[in-house]
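Q: Below, each chain spelled out in residue letters.
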Amino acid sequence: LAKTTQPPSMEAYEGQEVNVSCSHTNIATSEYIYWYRQVPHQGPQFIIQGYKDYVVNEVASLFISADRKLSTLSLPWVSLRDAAVYYCIVTGNPGNTRKLIFGLGTTLQVQP
Amino acid sequence: GGIITQTPKFLIGQEGQKLTLKCQQNFNHDTMYWYRQDSGKGLRLIYYSITENDLQKGDLSEGYDASREKKSSFSLTVTSAQKNEMAVFLCASSIWGETLYFGSGTRLTVL
Numbered sequence: 001l002a003k004t005t006q007p008p009s010m011e012a013y014e015g016q017e018v019n020v021s022c023s024h025t026n027i028a029t030s031e032y033i034y035w036y037r038q039v040p041h042q043g044p045q046f047i048i049q050g051y052k053d054y055v056v057n058e059v060a061s062l063f064i065s066a067d068r069k070l071s072t073l074s075l076p077w078v079s080l081r082d083a084a085v086y087y088c089i090v091t092g093n094p095g096n097t098r099k100l101i102f103g104l105g106t107t108l109q110v111q112p
Numbered sequence: 001g002g003i004i005t006q007t008p009k010f011l012i013g014q015e016g017q018k019l020t021l022k023c024q025q026n027f028n029h030d031t032m033y034w035y036r037q038d039s040g041k042g043l044r045l046i047y048y049s050i051t052e053n054d055l056q057k058g059d060l061s062e063g064y065d066a067s068r069e070k071k072s073s074f075s076l077t078v079t080s081a082q083k084n085e086m087a088v089f090l091c092a093s094s095i096w097g098e099t100l101y102f103g104s105g106t107r108l109t110v111l
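Protein chains in written order, with my numbering: chain A, 1 to 112; chain B, 1 to 111.
If we strip away everything but chain A, and leave its shape as in the complex, we get:
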């Protein structure tokens, strides 16, 4: 399983766009990229997943570099509710979700 590297923390103001980066230099061709987030006193919640290029949903967008070694989660117009720990996870094909490894993630602080 590919290891991921994320910044330990980030700060933003409400209304800003936030980009959280994740490096996965050893990602295998069979592996996908998942993003989850965890707010205090809750379990992690799935945000988005992708394999290559660009993925967007109602919550966030995910850009994956051409060599797939770097991904960036983009949160438009963050609010105080977006303050959370964001986890980038790389694992085998979607059938291998049982092997998801949650590291320390990126703690996002949002100021009013």
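Honestly, the hints are just simulated from the structure, not real lab data.
Please note that a few of the clues may not be correct.
Stated by the list, open to error - Simulated pairs of lysine to any residue, SDA-like, Cα-Cα distance not exceeding 20 Å:
(1) 41/B to 83/A
(2) 83/B to 10/B
(3) 22/B to 42/A
(4) 3/A to 70/B
(5) 41/B to 101/A
(6) 41/B to 108/B
(7) 57/B to 101/A
(8) 41/B to 85/A
(9) 3/A to 40/B
(10) 9/B to 39/A
(11) 41/B to 18/A
(12) 3/A to 83/B
(13) 9/B to 40/A
(14) 41/B to 4/A
(15) 41/B to 109/A
(16) 41/B to 45/A
(17) 41/B to 40/A
(18) 22/B to 41/A
(19) 41/B to 66/A
(20) 70/B to 26/B
(21) 41/B to 7/A
Nothing here was measured: the structure is a model prediction, and the numbers come from that model.
We have chain A already, so just place chain B on it with the hints.
A: Coordinates of chain B only, in the frame set by chain A:
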């Protein structure tokens, strides 16, 4: 939509005590998981189950037992609580190959 319910929300035990945590899901998911989260550390997989009566060890299974007697429920037992232990235990479920849905956790404190 569905929900994952973990009970109890808070669990206080004594050193050496056997403690049981319970998890129920109404998603009708086949796979269920138990993770442990310590302060300053990521989530670590203790046990998972791909179907009723199935059990698979994760990276942190020593000191724990698990039970999946029904598709909708997955229990975790701390076989001998360690003094001063504090952690959050998170239960999750998923359809095969799909994303995980987590409960809110059980917070364990051992006196």
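Q: Need the status of pair residue 22/B, residue 42/A: alpha-carbon distance at most 20 Å?
A: Holds: residue 22/B and residue 42/A sit about 16 Å apart, inside 20 Å.
Q: Measure nothing beyond the straight line between the CA atoms of residue 83/B and residue 10/B; if it is 20 Å or shorter, mark the hint as holding.
A: Measuring from Cα to Cα gives roughly 16 Å; hence the hint holds.
Q: Would you check the hint for residue 57/B and residue 101/A, treating anything up to 20 Å between C-alpha atoms as holding?
A: 14 Å, holds
Q: Is residue 41/B close enough to residue 85/A, meaning Cα to Cα at most 20 Å?
A: 12 Å, holds
Q: Mind checking the alpha carbons of residue 22/B and residue 41/A for me, to see if they're no more than 20 Å apart?
A: 17 Å, holds
Q: For a C-alpha distance cap of 20 Å, please report whether residue 9/B and residue 39/A respect it.
A: The given pair, whose Cα atoms are some 16 Å apart, holds under the 20 Å limit.
Q: Would you mind confirming whether the straight-line C-alpha gap from residue 41/B to residue 66/A stays at or under 20 Å?
A: 31 Å, violated
Q: Is the Cα-Cα distance between residue 41/B and residue 108/B 20 Å or less?
A: 16 Å, holds
Q: Would the pair residue 41/B and residue 45/A pass a check requiring their Cα atoms to be no farther apart than 20 Å?
A: Holds, at about 17 Å.
Q: Is residue 41/B close enough to residue 40/A, meaning Cα to Cα at most 20 Å?
A: 14 Å, holds
Q: Sort out whether residue 70/B lies within 20 Å of residue 3/A, counting only the CA atoms.
A: 34 Å, violated
Q: For the pair we were handed, residue 41/B and residue 18/A, check the Cα-Cα distance against 20 Å.
A: 24 Å, violated
Taken one by one, the earlier hints fail for this structure at numbers 4, 11, 12 and 19, listed in ascending order.
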